[in-house]
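Novice: Dock chain F against chain G, hints included.
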Amino acid sequence: MRITAAAREENRLRILREAQRLFASQPYGEVTTRALAAASGVAAGTLFNYFASKEALAAELLDAAVQQELAGLRPRARGDESLAEDLFALVLSAIRALEPLRGAVGAVLATALGPYTSGGDDPASRLRQRVLEAVRTTVAAHGVPDADDPITGHLFWTLFLGVLAFWATDDSPAQEDTLVLLDQSMRLFASSLPADPGAMEVRDAR
Amino acid sequence: MRADVMELLSSVDDDVALPAPLAPGGGSRTPLPRSRTRRLFALGSMQARVAAAYALCRVREVFATEEEKRALRSKTHMVAAMRLLDGASYLRGMVMKVAQALASYGELTPREYVEVLDALHFEAPPMHFALLREQFRRDLGAEPERLFASFETDAFAAASIGQVHAARTHDGHDVAVKVQYPGIARAIDSDTRAWLALLASMPFLKDRRYEADVVREARAGLVRETDYRVEARTADDVAAALADLADVVVPRVHPALSGEHVLTLDLLRGDHLDAFLARDPSQEQRDRAGESLLRAVSRLYYGERTILGDPGPGNFLFLRDGRLGVLDFGCYRRFTDAEWELIVAMCRAERAGADLDALLLRCARLDAEPHVDPTHLQALRDTTAWYFESTRHEGAFDFGDVAYLRRGMELQKRIMERRQTRQMPVFLWQTRSFTGTRALLHRLRARVDHRRIDREEMERAGVVS
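Residue numbers (the numbering used here), protein chains in the order written: chain G, 383 to 588; chain F, -17 to 447.
Next up, chain G with everything else stripped away, as it sits in the complex (with noise of 0.2 angstroms):
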């Protein structure tokens, strides 16, 4: 039986939201496949025409909630921001949307997300554009040059994969050194800058 465009992009959607509920309940190593194509009625075979593995799929939802965060941010909002704040603010973003789905965050990590993800098509290559782009646009706002330098791109994703990997199994209360660890990244980045326009100095008029 041959299955239309739109049948097969609903079955992708509901797959997708099936694997949201299922990995914010469950444990993401507990959830199979298996599990994931009875929750979303499609035989377990059928999933992987969808989905290469678990964690592409992932990968994907990771992708959509960070999109969607992503999309609402606008850097120097309030005027006074230094670039190491407005990226802090950037990446706290990206952690708070992907928060129920922080259980699969390190296997995604450990399996399709890496400092070499880049250029294809995948959900973990979009995402890594995806956070890429929003840090050119702030970084080009704070009127730093060469804000499209590939090794700020990649000195940035390894941070921000680093903080991820961090915040990922941080046990501290209400993770709070992950606050303290983004904090740091985040000055250290900017500062690494050329012609950094204050990314150390956090405004502060007393």
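Mixed in with the good hints there might be a few duds.
Here are some, though not all, of the chain G residues that point toward chain F, as calculated from beta-carbon distances under 8 angstroms [unchecked claim]:
no. : residue
1   : Arg460
2   : Ser464
3   : Ala466
4   : Ala471
5   : Ser554
6   : Ala556
7   : Glu558
8   : Asp559
9   : Leu561
10  : Asp565
In silico negatives: residues of chain G with every beta carbon more than 12 angstroms from chain F [claimed, not checked]:
no. : residue
11  : Arg390
12  : Arg403
13  : Tyr432
14  : Ala438
15  : Gly502
16  : Arg508
17  : Thr519
18  : Pro532
19  : Ile533
20  : Gln557
21  : Leu564
22  : Arg569
23  : Leu575
Just a few of them, taken from the derived set where beta-carbon distance is under 10 angstroms, the chain F residues facing chain G [unchecked claim]:
no. : residue
24  : Met109
25  : Ala112
26  : Leu113
27  : Gln117
28  : Arg120
29  : Asp121
30  : Thr135
31  : Asp136
32  : Gly165
33  : Arg175
34  : Tyr192
35  : Ala194
36  : Phe409
37  : Thr413
Quick caveat, the hints were computed from the structure, so don't treat them as lab data.
Note that the structure is a prediction, hence the values are computed from the model and not measured.
C-beta atoms are modelled at their ideal positions from N, C-alpha and C, and glycine is treated no differently.
Specialist: Chain F only, in chain G's frame:
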């Protein structure tokens, strides 16, 4: 604590470049070390660097003229202070508190220390607004923009473990909002563990066991300070205790806008000590401020059995109408029943003109020793006599008297040189309170009838009849 720190400082010294992150207005750029090992290393290296500066100074003094010796010592004090400041910014939490304690002693500390460390009263590593907003979300469930009618994104003061912002509540009250750095409670806990580990590794340190008790006491106090809910309760208690003192103002807590890491209090408007002194106040204004300070400290001490542990200049505000504002409620220590019993015994013995030696030995934890160094007992007598000098004096006591302060400084110096610093842990706070209050009164050049205030408050609390 001062004695402990000075002891650590004096045991260590070099001629190294001053730390880089001391640019005016800037905070430390060094990341906050959280792992115990890394913190231990940082604390150890700070101590070693400060110590190295003094050791080199001593060697150089051998070949120097008197004039050169003075210049050399002055430079060494400055280098040590800069290093301590750098370390304070780095380790934040506890070491910053210690550095602040040093700064509050005014002329009791070498001038250069005070100049450099004074900055710590109002300078702490800043938090940007995005981080602060997140602290609000986590603590109060909403962002400051929603919780307040207006909120200043720039801090107007630094608390040792956070920063203070001006805001206006939806019902129109101007407030000061203290926001804490994330993770500071655990950082302080980690610092104090490191401090204890350092003490354990210094077998040559006299009275190490007692020093460790004092650090444990400091640790308990500092950890308590990191919970702003405790501070809010203390502020309420202090407000109730001082409610009938017309010349003292305690800001009101806004409980709905306060939590573990956020504390909202009424905003008081006035001058800190330096600004107050810069206005060249009359002797009458100085005396009034001094009297308010002593009255508030004594009321809490006798009436509430509570020590105001940090009477640093940053914790008081001199209002334009002449009243004194109390700003900080983190560093208070209530006596236990056993400790209070000893204090009452001391007050009564002093009032009766009785011999204080046995009580002094208990305070110094020397009462079970088979042999007590006579110079140690004499140091206890002299220090106590110095503290009691103002309450024994008939009429207004001139706290601006340099000779009085110098005698206290000499006593402290001798005690440290001889390492006669053993004490019951609660006296960590009492020494800090008594010495800090006198340092503040000295800077005010206040003349206050301390004897009258002391007696009135003791009688009011039923300590003496």
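Novice: Next step is simple, just say for each hint if it's right about the structure.
Specialist: Tested hints:
Nearest Cβ of chain F to the Cβ of Arg460 of chain G: about 7 angstroms, under the 8 angstroms cut. The hint holds. Given hint, Ser464 of chain G at the interface with chain F, holds; its Cβ is 6 angstroms from that chain's nearest Cβ, closer than 8 angstroms. The restraint placing Ala466 of chain G at the interface with chain F holds, with a minimum CB-CB distance near 7 angstroms, inside the 8 angstroms limit. About 4 angstroms separates the beta-carbon of Ala471 of chain G from the nearest beta-carbon of chain F, less than 8 angstroms, and the hint is met.
With its C-beta approaching chain F no nearer than about 7 angstroms, Ser554 of chain G sits inside the 8 angstroms limit, and its interface hint holds. Satisfaction of the interface hint for Ala556 of chain G is found here, the shortest Cβ-Cβ separation to chain F being roughly 5 angstroms, below the 8 angstroms cut-off. Checking Glu558 of chain G against chain F: minimum C-beta separation of about 4 angstroms stays under 8 angstroms; hint holds. Checking Asp559 of chain G against chain F by beta carbon gives a least distance of about 6 angstroms; that is within 8 angstroms, so the hint holds.
Evaluation of the Leu561 of chain G hint against chain F yields a held restraint, the C-beta minimum of about 4 angstroms falling below 8 angstroms. Evaluation of the Asp565 of chain G hint against chain F yields a held restraint, the C-beta minimum of about 6 angstroms falling below 8 angstroms. Taking the minimum C-beta to C-beta distance to chain F, about 40 angstroms, the non-interface status of Arg390 of chain G holds against the 12 angstroms cut. With a minimum CB-CB distance of about 25 angstroms to chain F, Arg403 of chain G clears the 12 angstroms threshold, and the non-interface call stands.
No Cβ of chain F approaches the Cβ of Tyr432 of chain G within 12 angstroms, the least distance being about 36 angstroms, so the stated non-interface status holds. Listed as a non-interface residue, Ala438 of chain G keeps its Cβ farther than 12 angstroms from every Cβ of chain F; the least gap is roughly 31 angstroms. Residue-level check passed: Gly502 of chain G sits 32 angstroms from the nearest beta carbon of chain F, beyond 12 angstroms. Annotated as non-interface, Arg508 of chain G keeps its C-beta farther than 12 angstroms from every C-beta of chain F; the closest such distance is 26 angstroms.
Even its closest Cβ contact with chain F, about 16 angstroms, leaves Thr519 of chain G beyond 12 angstroms, as expected for a residue assigned away from the interface. No beta-carbon of chain F comes within 12 angstroms of the beta-carbon of Pro532 of chain G; the shortest separation is about 26 angstroms. Non-interface status of Ile533 of chain G relative to chain F is upheld: no Cβ of that chain comes within 12 angstroms, the nearest being about 22 angstroms off. The beta carbon of Gln557 of chain G is not kept farther than 12 angstroms from every beta carbon of chain F, the shortest such distance being approximately 9 angstroms.
A cut-off of 12 angstroms between C-beta atoms contradicts the statement that Leu564 of chain G is not in contact with chain F; the least separation is 9 angstroms. Against chain F, the non-interface label of Arg569 of chain G is violated: not every CB pair exceeds 12 angstroms, the least being about 7 angstroms. With a cut of 12 angstroms on Cβ distances, Leu575 of chain G stays outside the contact zone with chain F, its closest approach being about 15 angstroms. At about 7 angstroms, the closest approach between the beta carbon of Met109 of chain F and any beta carbon in chain G falls short of 10 angstroms, and the interface hint on this residue holds.
Restraint check, Ala112 of chain F versus chain G: the minimum CB separation of about 4 angstroms is within 10 angstroms; hint holds. Hint status for Leu113 of chain F: holds, given a least beta-carbon distance of 6 angstroms to chain G, under 10 angstroms. The criterion of a C-beta within 10 angstroms of any C-beta in chain G is met by Gln117 of chain F, whose closest approach is roughly 8 angstroms, and the hint holds. Taking 10 angstroms as the C-beta contact cut-off toward chain G, the hint placing Arg120 of chain F at the interface holds, the least distance being around 5 angstroms.
With a cut of 10 angstroms, the hint placing Asp121 of chain F at the interface with chain G holds, because the nearest CB-to-CB distance is about 9 angstroms. Because the beta carbon of Thr135 of chain F sits about 7 angstroms from the nearest beta carbon in chain G, less than 10 angstroms, this interface hint is met. Restraint check, Asp136 of chain F versus chain G: the minimum CB separation of about 4 angstroms is within 10 angstroms; hint holds. Taking 10 angstroms as the C-beta contact cut-off toward chain G, the hint placing Gly165 of chain F at the interface holds, the least distance being around 5 angstroms.
Look at Arg175 of chain F: its Cβ only gets to about 16 angstroms from chain G, farther than 10 angstroms, so that hint breaks. Proximity of Tyr192 of chain F to chain G is violated relative to the hint, the smallest CB-CB distance being about 33 angstroms (cut-off 10 angstroms). Annotation: Ala194 of chain F was flagged as interfacial toward chain G, and the flag is violated, the nearest CB pair being 27 angstroms apart, outside 10 angstroms. The beta carbon of Phe409 of chain F is not positioned within 10 angstroms of any beta carbon in chain G (closest approach about 33 angstroms), and the interface hint is therefore violated.
Hint on Thr413 of chain F is violated. Least Cβ distance to chain G is approximately 30 angstroms, over the 10 angstroms limit.
Of the numbered hints listed earlier, those contradicted by the structure are 20, 21, 22, 33, 34, 35, 36 and 37.
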